[in-house]
Amino acid sequence: MNAQPQRTRSMRHRISLVVLTALLGAFPLLPVHAEQTSVPENAVWSSLKSDVFGDRVIEAANGVIRIEAPKRAEDAAIVPVDLHFNSEKAGRIKAVTLIVDENPSPVAAVFKFGPDAGVTHLATRLRVNAYSYVRAIAETEDGKLHMVQAFVKASGGCSAPAMKNQDEAMASLGKMKLRVFPPKAPGAEAMNRATEMQLMIRHPNNSGLQMDQLTRYYIPAHFIQGLTISQGDRLIMTMEGGISISEDPNFRFEFHSNPGEDIKVEASDTEGMKFENQWPLASSAL
Amino acid sequence: MLTGLKTFSRRTILKQGKAAIAGVLSCRVLPPGPVFAAGGVLPVRQVADGIFAFAGTDALMTDANRGEICNVGFVIGGDGVAVIDSGGSVAEGRALIAAIRAVTDKPIAYLINTHMHPDHCFGNAAFEGTGAVLVGHHNLPRALASRGEFYLSSYRESMGEALMREIRIIPPTKLINDEENLDLGGRIIRLKAWKPAHTDNDLTVLDEKTGVLFTGDLCFIRHLPTLDGSLTGWIAQLEALKAIRAKIAVPGHGPVPAKWPDALEDERRYFEVLTHDIRQAIAAGVPLAMAIRTAAESERGNWHLFDAYNVRNATAAYAELEWE
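Residue numbers (the working numbering), protein chains in the order written: chain D, 1 to 286; chain Y, 1 to 324.
Hints are supplied without guarantee of correctness; some may be wrong.
Label-pair ranges, simulated between beta-carbon atoms [to be verified]:
no. : chain 1 : residue 1 : chain 2 : residue 2 : range
1   : D       : Ser50     : Y       : Ser298    : 49 to 55 angstroms
2   : Y       : Pro43     : D       : Arg72     : 32 to 38 angstroms
3   : D       : Asp55     : Y       : Ser298    : 52 to 58 angstroms
If you're looking for bench data, these hints aren't it; they were derived computationally from the structure. We put the CB at the ideal spot given by N, CA and C, even for glycine.
Use the sequences and the hints to build the structure in full.
This is the structure:
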């Protein structure tokens, strides 16, 4: 008799948590808004954490990974986030998960790095819908997880995390641009070892499930799901992405390059479209 | 909402989510604006024969100013009235209707939304039951579908529950594809749908008889322009805007009325500085996060609400211009 209610209670607790999570996502306009000027409780993260990482232990980053994000999301659709990695602290970082707690789609992206890619810095742009923690969880080769976070206040006024120019976004769908930046250190050999580059992909990366007020149909989601960047046959990184990555996904990163080998990019979206491109590794005209 | 969610697993939702937004945004709250209509009749002024306009205050929308931050107005024809923008709350919309009723008994034939932003169309619900046909740019329904729910959620904190409760997103039913005339009875107003500029759904209204141009937010004076469409598109269309043979303008924000086309001069200069600074940063390889801190800083003293909107404009400009 004793065990039964116990189990029921814990099951009920689980169910209500799931329902609550679903409701929070489904009914954003319900009155949960009053106190959100302050740092949100970690209840959201606690729930997310088990959804994404199960019961794995997550340690504080302690310098393994560092995050830079603005205090306020001035343009809710384009919030720049910089991640810096330090492999000397805890060994090579295999993967990084980027999360925006309060977004309808919290997991912005999962990046996985090639074994000898040597990625030390990665900058991208996020949609930030509400006052939220933006967090990055790095997985080192020993399987440990290291987390760092920054609190971002949402923008005020009419800045929406939506496309500004929808026709333009569709008209040049899949177009890519790669920039290679010259080494910053004076006297450093161009195209040698640490190279900084920026990949830009034209894509609306839109979220879907927005109701068309006239037709009452939902607009289907359409976003970049998968991305692979390699040099020659060597993997630099992959990304598994969602709609919290801004329109026209943009990645600026530093990695160890091999002189003379081409950069290859393959991307795929939720409508099954594939986008591919290849560039010789040469500094862009700046 | 739930029907849309049914097909998505929790895992999918984590990645893809849904458009509707959990949580709410807070707005920077400015000191109470100097002028707003506390009462039931919006204090409009006559800018030309049969044309009236209300000048909004240069501020962010709050419960204290009832969202009355943009310029709205109306044109009285022989058979009916055309209203240009409904304001930032249903309360403002009602006060605008009261202002119309104070000067004419003619029916309200049209409510024209110059674009999607809440300060211009949160008052739409006030016009339900007036018989007015809601008119907008052909892109406006799509824009409201993408953003409407976000707007309803994001303004809740600054505007307050009492004002937000009655606000609804009501899209236009009469869509303007290019140019179209509306006959108000012995009075023709010319509507023009623009290519992406301030937004991707900007519409202007010209009264042919008096040469009064309602610019919507294609023209900002004194209040820093906000960029939510295409900076290069806006700049490219300044000449076409300038060429409109109007005598005076009711800008989207700023003094009412304003001399035309001089009214465009300040924003033209700001766009020039902003594009110059951002293009220079992109060319030098300066990352977005760094470039937006200093872009167009030299324009600070020329505008109200510079701190509220300049970094945002710079961000949007950078993301657009780096594709050049």
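Where does the structure disagree with the numbered hints, that is, which hint numbers, in rising order? none
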